[in-house]
Structure formats: structure tokens, C-alpha cells
Amino acid sequence: MILQVDQLAKRFPGGVKAVADVSFTAGAGELVALVGESGCGKTTTLKCINRLHEPSAGRVLIEDEDIQGLDPVAQRRRIGWVMQGDGLFPHMSAAANIAVGPRLLGWEAGRIAARVDELLELVRLDPAIYRDRLPRQLSGGQRQRIGVARALAAGPHLVLMDEPFGALDPITRDGLRADFSELQARLKFAAVMVTHDMAEALLMADRIAVMEAGRILQYDTPSALLAAPAGETVARMLESPLREAERVGALKAGAAQNG
Amino acid sequence: MGETLGPLIERLPAFLGGHLQLSVAAILTALAVSLPLGIAAARNPKIAAPALTVASVMQTIPALALLALMVPLLGGTIGFAPAFIALTLYGVLPVLRNTIVGLQGVDRTVREAARGIGMSPVQSLVQVELPLAAPTIIAGVRTATVWVVGAATLATPVGATSLGNYIFSGLQTRSWDMVIFGCVCSAGLAILLDQLIRALHVSAEARKPLQAVLAGCAVVVIPAAAMSGAALYVSDERSGAFAAGSVDAGFGDDEVIVGAKAFTEQYIIAEVLEARLENAGAEVRRRDNLGSTVVFDALVSGEIDVYVDYTGTLWNNVLQRGAPVDRHLMYAEVSSHLLSQYGVLTLGRLGFENAYGIAVRRDFAEVNSLTSIADLARVEDLSIGADPEFFVRPEWERVRDGYQITGAEERSMDAAFMYGAVRDGAVDAITAYTTDGRIDAFDLVILEDPLGALPPYDAVLLLSPQAVQRPAIARALAPLIGAIDADLMRQANAVVDLERRSVGEGADVILQAVED
Ligand SMILES: Nc1ncnc2c1ncn2[C@@H]1O[C@H](COP(=O)(O)OP(=O)(O)OP(=O)(O)O)[C@@H](O)[C@H]1O
Ligand SMILES: [Mg+2]
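Chains as they are written, first to last, in this note's numbering: chain A, 4 to 262; chain G, 210 to 725.
Among the hints, erroneous ones may be present.
Stated by the list, open to error - So the derived label-pair ranges between C-beta atoms look like this:
hint: 1; chain 1: A; residue 1: Arg136; chain 2: G; residue 2: Ile218; range: 47 to 57 Å
hint: 2; chain 1: A; residue 1: Arg136; chain 2: G; residue 2: Ala274; range: 46 to 56 Å
hint: 3; chain 1: A; residue 1: Pro130; chain 2: G; residue 2: Ile218; range: 51 to 61 Å
Derived by calculation from the structure, the hints in this document are not laboratory data. The beta-carbon is built from N, C-alpha and C at its ideal position, and this holds for glycine as well.
Just chain A, with the same shape it has in the complex (with noise of 0.2 Å):
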């Protein structure tokens, strides 16, 4: 197992709880959605797991290490971290933010220059025209791309995603999720995604965990989170996008039998 999240959570000085009691697994090639409302502890979660916070109770194990024994610089070097937003470095080229990560861990200067166009290539940006742009030369979708593939770039078997298809258009963000879906097949990463969007968790997750107020509502496939949603919330939020669908797919009939 690469990734095993055991009762963990986290309160701020202050006294917000903001995560309590949240455990998951992801294995290689898994991915692990935590869906919910904006402000349930979504984001505190994934830092939770790669020392951007320390945990107040509970543990996060990696590659069956628990990380609380590990040095938290080194240990971030091994996991690829897409942030909220793009995150991206504004005064570095493209190439240049890609490769950030293998810099640090001291590869050579050929092997990254090959590493950063074989990932240009597997985000769908051709490298020639790209490579050296800034990120206020891409568009929204292309910094995302470039995003992912900074997170990728080290070859990491933890990726850490925090909303990585927000604020894109259908059509962006569709193919986006499809050319993700079939890198992490390929390249056989463990994935933890943060979503608002159910939908997205429904077709991407092997697993989904419903969050609320910081704790877990449900843990559970997308299948059997349609057959069986444990409680009003839960249900209430695999509803719309399946309402959605309906009446789409309603209108569509309408169009053809008109047409």
C-alpha cells in the first residue's frame, strides 16, 4: 500500500477542528477522491500528508513508513504536489518549473532536459512551442497541464492533487481528465484528488470520501456510493449531477425525435 491515512486530524491553534477521524488508503495506480463543501477540510488533509501541516493526532503512513519519522524536505521531494490554483513559479519558463523538482533531487542536466519534454509531450504541450514560456504566456488550462506535469516530473509514487481541473471549460477540462486518467494507468501512481465537483469523483475516484465539517460522511466506491449513500448529505450531492444528466439526456432524446 502506498499511501495509508489513519484517524487523522488536525486542529489549528485557535481551536478550529478543521479534519477529525479521517482514514483512507490508496494503492498503486488508485485514485482517492475527498469530495465536499468549500471549507471541510479538504485542502488540510493533503497537507496533512506532506508536512505543509503537522498532523495533531493520528498517522499518515507512506510506503508503510510513518512519515512522523521522516525528514519533511525529503520526504516532499518523493510526493508530486499540484496545488489549489496553479501554483506555478511566475518568473521560471515552463521547462524551467517542470524540472524544479528533479533539480532538487540533483539529477543531471541531460536526463531533465529529456524528462521535461517527454512530460510536455504526456501533458499534450508540444515542447518546441512551450518549453520556454512563462506561465503569463499560458492559458489556464496549458498552466494546469504544466502544473501536473511538475508534480509528475520526479517520478513520484504519491501524487497529492488539490482541485487540478478547477476553473477550466468542459471540453478542457474532459480531456484533461482523460489524458490523467490514462497517464496513471501507464505510470501506475498512487493519487489523492481534492474536488468540489461530485461528478468528477464519479468518473475518475476508485474511491471517493464524502467530507464534512472535517469528518468522513462516506468511504466508499462510486458504484456503491450510487446504490447505497449513507445519509440525506451524501445523497443530496450525488444528486445533482445525476439530475443533470437526466435532464441532458432527456433533452437530447427530445432533439432527435423532433429532428
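Assemble chain G with the ligands onto chain A, guided by the hints.
Only chain G with the ligands this time, still in chain A's reference frame:
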């Protein structure tokens, strides 16, 4: 203009070289202090608040005062050291403030990204935060550069050579082309350095290494070239001195340093001393425009070897005595005090007295029937012009209270302007220097001082303790003792102040009179 520019340009290598050396050293040191401090302060408000407060206070002290304060703080050292320290302090604030503001302005999410991706705090600082704060920090460096280059012109009175030498000498001798030349050079230098730093930053940012290297070279080469120019100039002077002098005239290997305060008479006397010493085979260096208390400290510490001061000034400033005494008694007391307390030798009196005297226009004196200072008490709405130093001297207190002219309006102005001011009626009376050539020329009369409130100001030739050990110096200068009377001095002053001829020509008047 070509005629007047010639002698100015001749001194440019020395003045510009000194100016550059001083400002570049101060800017670099200010950077070395304020960058690390700013980095520490950006993370720690406990450092930021006091550091910014101290730096801001430094900024509110007028640059001239900060420079002058460094001399006593350094135990009387004049020249490069006090100017360098004061200018460094002056340059710290803009860099410090902009470093703190720049680093604190880096987007939080970017800092978090650096940490989340596995950078150590130092890596995050060097690879992410400093590059992003660079435009702000560079702006601070450019501000500091312009400030320091400008303030370096004020280093002249503490004995550091700079473009301010043009400005101070020019102001005193009313050579406006000299003043303008100094201002234009220093402004040009400030703009040049500012633009070089900008070019360096722009090309570094655009990742054009060639351009960056060129700009970087320019930043280094231009000052270096100017400094070596200055060095050449100095060595030229030396070889000239060697050629003129005999091989061994008893002066030893060291040059003799002649000091001067910042007014015409002092420039002329220094020129006379220099000429006599050089004729005797000494190598001479000049330090003009020293502040009036700085110059004595410099003599005691041996930074200069010889200069001329006035008994009344020494009585007040060095002996710290109150009411003046008889002229000869004052001379005796001053010279014995200087020797016993400081090892400074009073070689003798030059023969003239340059006292403060209350002067008014002759027609003004006649209309108001004025003969003595006491008569001024009858004049309504009296206004008196004086150099800024005079109004804080004890003798002004004695004059004001002794003659009951407490209602007089005090108008501080530069000594170079006060004669014109009384002639044009802008003020009723001035505290003239009694040897000034303009007293006769502007038809001024000096009012009597029956109370003896204004002390005698015999010009005396002073030798530093080190100079006393080199008898050749005293031998070369001894013929000047008693040889310059008030008339001769007034004539020489008039050559410069009225006829607008050079200080050298003023000195020639005295040299010819002494040499027969
Ligand atoms: N550094 C902090 N100090 C104190 N409270 C915090 C801190 N960071 C987050 N919180 C609080 O913890 C709770 C969870 O925040 P978190 O950022 O994990 O929410 P989220 O689920 O990621 O929300 P969103 O979807 O809006 O990003 C919130 O109530 C937030 O105000
Ligand atoms: Mg969040």
C-alpha cells in the same frame, strides 16, 4: 567657456575618482549590510520594526550633519573613513526597506508551492523569493545610489575628496561655473550609475547573459577607470614635485599635507604654504574645505600637517573659554595650551587679524550717526546678516546683550553672500571678516567695539605634532611669520573675491611681497 573649463577639467580625474571610490564603496557596503538584514527582517517583525526605525532616523539626520558627526565619533579622523561610514548609513534605508517590502510582497501561494515541492527555506529564498522580489530590491538599490552619489558632494568638509570640492570652493569664491560644473558632474554620475544598474537588471531579467556581462563590466570598469585616472593624476603631481625639488631637502619620504577651511582667505593661505613648501623641496598634498572644527581635530590626529587658524576661534572652540582677553595675552595662552594639551606647535602670527567686525554701509552709518556698535541700539527694525556659525558663538551673545540690540533680526547666510546683502540693503549690518576685500570695495565701515565683545582673531600658523618632528617644514614656513599684514591679506582676498581671478593669483600677491 573653454578658457574657464580648462582648469576645472584638469582636476576632474582626482575629484571624480575620489567621488566614485567613496560612493561605490559606500553603496556596496550598504548593500552588504541591508540585504541580509532585510532578508532576516522580512521573516521576523521583531527585527523589521527596530531596523527600519534606526535606518529611518539615519535618513532624517541631514547628510551634512551625519558626515560631520562621524569625525568626532572616529576620534578626529578625517577623510575617507568618516565620509564612507556616514554615506553607508545613508544608503542602508532604501535597500533595507525595499528588501523587506519586496520579500513580503511575494505571493503566499508561490511560497507555499516552493515548500510543497520540496525546497528548503534557503532554496525557496534564493530560487523563488529573491528573484521575485528583485525588481523592488533593485529599485531600492537605484534610489540608494542616487542618494549616496548626491550626498557624497557633502563629504568635502570632512576632508574626503569628491566633486563637492568644486561646489564648496565655487560657493566660497563665487565661481558659479565651478559650482555648476560640480553639480552637473555629480548629477551625471548619479544618472549614469542608476542607468547602468537598470541595464544590468533588465538584461539579467531577460536572460541575456552577454548584455548583463557588458553592463556588469561597465559598472566595474567605469569607476575603476576613473580611479586609475585619479591615481595617474596623483603620480603625475608627485613626479612633478620630485622634478622641481631637490633630492633630499629634509622632508623625509612623506608628503606634507596642508589643510584649509572653506573660505577664500584660507584657500589663498594654503596656496601660499604649498608654494613655500614645494620650493623647499617638499611633496605637498592639499586638503581644502575642511569644516572649522574638523580641521583642528585633523591636525591633532596628524591627518594634516599644517594650517592657519585664528586665536579667537581657538579660544572659543578648543580652549572653551568665555570672555575674550587682550590680544597678546590670548595669543600666549592659546599657544601654550595647544602645545601642552595637544603637542600642536604655534609657529607664530602671520601678522594680520581676521576678526569679526560689525560692518554697515557708510551712508547708513552717516544717516544714523553710527560710530560704535552701541549706536545700533537706536536703529529701529535692525537686521543683521552673519554666517550661520556666528549666531551660535558666545561673542554674538556678548555683543547682543552687551550693546542691547536684542531685538535685531538674525539672518543667517553664507559668508560669500553677506557683503552683497548689506550693500544692496537686504540687511542693515553684517558680521564682516575684517580682512575681506569687499569692505573697501563696497564702501562699508566697521563699527567700534568699546566693550571688547568681539575677540581678537590673530591668524596663527599651526603645526601638527608629527610636523614638529620634521624641522624642514618649520624652516620653509618661518619667513611667513609676521610677513602678512591686514592690508596685504585684504589685497589678496580682493584679487579673488572682487577681480574674480584665481586663488593662485591671489597667493602670488602674498608670495611676491614675502619673497623680496
Ligand atoms: N492555517 C489555518 N489556520 C486556522 N484555520 C485554518 C487554517 N487553514 C484552514 N483553516 C480552516 O480549516 C478549515 C478547513 O480548511 P480547508 O482549507 O482544508 O478547506 P477546503 O475543504 O480545502 O475548502 P475549499 O474547498 O474552499 O478549498 C476551514 O474552516 C478553514 O477556515
Ligand atoms: Mg482547499
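Query raised in the report: How does the Cβ-Cβ distance of Arg136 of chain A and Ala274 of chain G compare with 46 to 56 Å: does it lie in that range?
Result: holds (53 Å)
Query raised in the report: Would you say the C-beta atoms of Pro130 of chain A and Ile218 of chain G sit inside 51 to 61 Å of each other?
Result: holds (58 Å)
**Report entry** Pairwise beta carbon distance, Arg136 of chain A to Ile218 of chain G, judged against the given window 47 to 57 Å
**Finding:** holds (52 Å)
Violated hints for the displayed structure: none, as all numbered hints are satisfied.
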